[in-house]
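Engineer: Assemble the whole structure, with the sequences as input and the hints as a guide.
Letter by letter, the chains look like this.
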Amino acid sequence: MAIIVNLDVMMAKRKINLSDLAIRVGITNSNLSILKTNKAKAIRFSTLEAICSELKCQPGDILEFSNDKYIKPNK
Amino acid sequence: MKYYGKTSLSSLLKLMLDILIITGFIVYLFILIKTLRIEQINLLNPKNIITCTLFVLGGFALLCIMYYLKCIMNSLVKATPFIWENVKSLRNVAIACFTVSACYVLNFFINNQFMNFKLIEIDANGIHTDIEFIIFFFAGCFTAILSKVFKQAIEVKEENDLTI
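Order-wise, the sequence lines are chains A and B. Residue numbering for the first sequence follows the numbering used here, starting at 1 and increasing by one per position. Residue numbering for the second sequence follows the numbering used here, starting at 1 and increasing by one per position.
It is worth saying that the hints were derived from the structure and are not from the lab. Keep in mind that a hint or two might mislead.
[To be verified] In silico lysine-lysine, PhoX-like type, Cα no more than 25 Å apart, as pairs:
#1 B:K148 to A:K41
#2 B:K47 to B:K6
#3 B:K151 to A:K72
[What the hints assert, rightly or not] Restraint ranges, calculated between C-beta atoms of paired labels, are given here:
#4 B:V156 to A:S66: 22 to 32 Å
#5 A:L18 to B:G24: 45 to 55 Å
#6 A:L18 to B:V27: 51 to 61 Å
#7 B:K78 to A:T28: 45 to 55 Å
#8 A:I71 to B:C141: 31 to 41 Å
#9 B:I135 to A:L18: 54 to 64 Å
#10 A:A42 to B:I131: 27 to 37 Å
#11 B:A144 to A:I3: 34 to 44 Å
#12 A:I3 to B:F82: 18 to 28 Å
Cβ coordinates follow ideal geometry from the N, Cα and C atoms, glycine included.
Structural biologist: Structure follows, in structure tokens:
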């Protein structure tokens with residue numbers, strides 16, 4: 001996946017662990033772990049809004065696009 | 001009426017399939033042994049060899065159909081119908097249905113039954129039909145399509161499960 005989730009970097013900056021963030025955002029530990037480990041296929045805006053609100057950051061701080069990993073879809 | 005989960009139509013169907021598989025296997029073996037041993041058919045005759053082969057193949061395919069349907073019922077009892085195993089099971093049921101249909105058709109021509117072919121007939125003994133091969137063919141086509149539909153459903157489900 002070409003979109004990289006830098007959630008762990010922002011969590012370390014704000015000194016918050018996975019469980020606390022999951023409770024504050026209102027999602028399960030396993031879902032947040034899926035997001036953190038780049039296994040998620042999509043993220044809802046409501047979830048992104050909640051994460052940015054708790055970590056006091058912008059979406060660009062936790063989401064990054066890598067051109068090297070981008071595979072153009074066959075049409 | 002509950003269609004899937006514990007104590008549902010699916011669990012009843014699973015039980016019926018379990019009984020059918022066991023009795024079907026016993027009856028199948030009995031007929032095979034009776035034909036080969038007791039009636040002592042001449043196995044040097046190529047027509048008899050082909051007929052026996054068709055019987056073995058068709059019977060095995062029927063048992064496969066019941067077995068894979070039982071696997072699908074198992075998943076319905078657990079209330080998890082959208083799993084990759086069900087895609088494979090449905091595909092295998094389709095292949096088995098086509099095999100049974102082919103055995104019917106080959107038996108039809110090999111044993112010269114096409115001369116007495118009747119689409120549907122009503123007489124003093126009841127209603128008779130020779131279109132079982134068409135039924136199995138359509139069942140195979142429908143099950144193959146259902147397999148692809150399940151595959152797409154699982155892909156959509158996995159996409160949804162991995163949406164945070």
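Engineer: Looking back at the hints listed earlier, which ones does the structure fail to meet?
Structural biologist: 2, 7, 10
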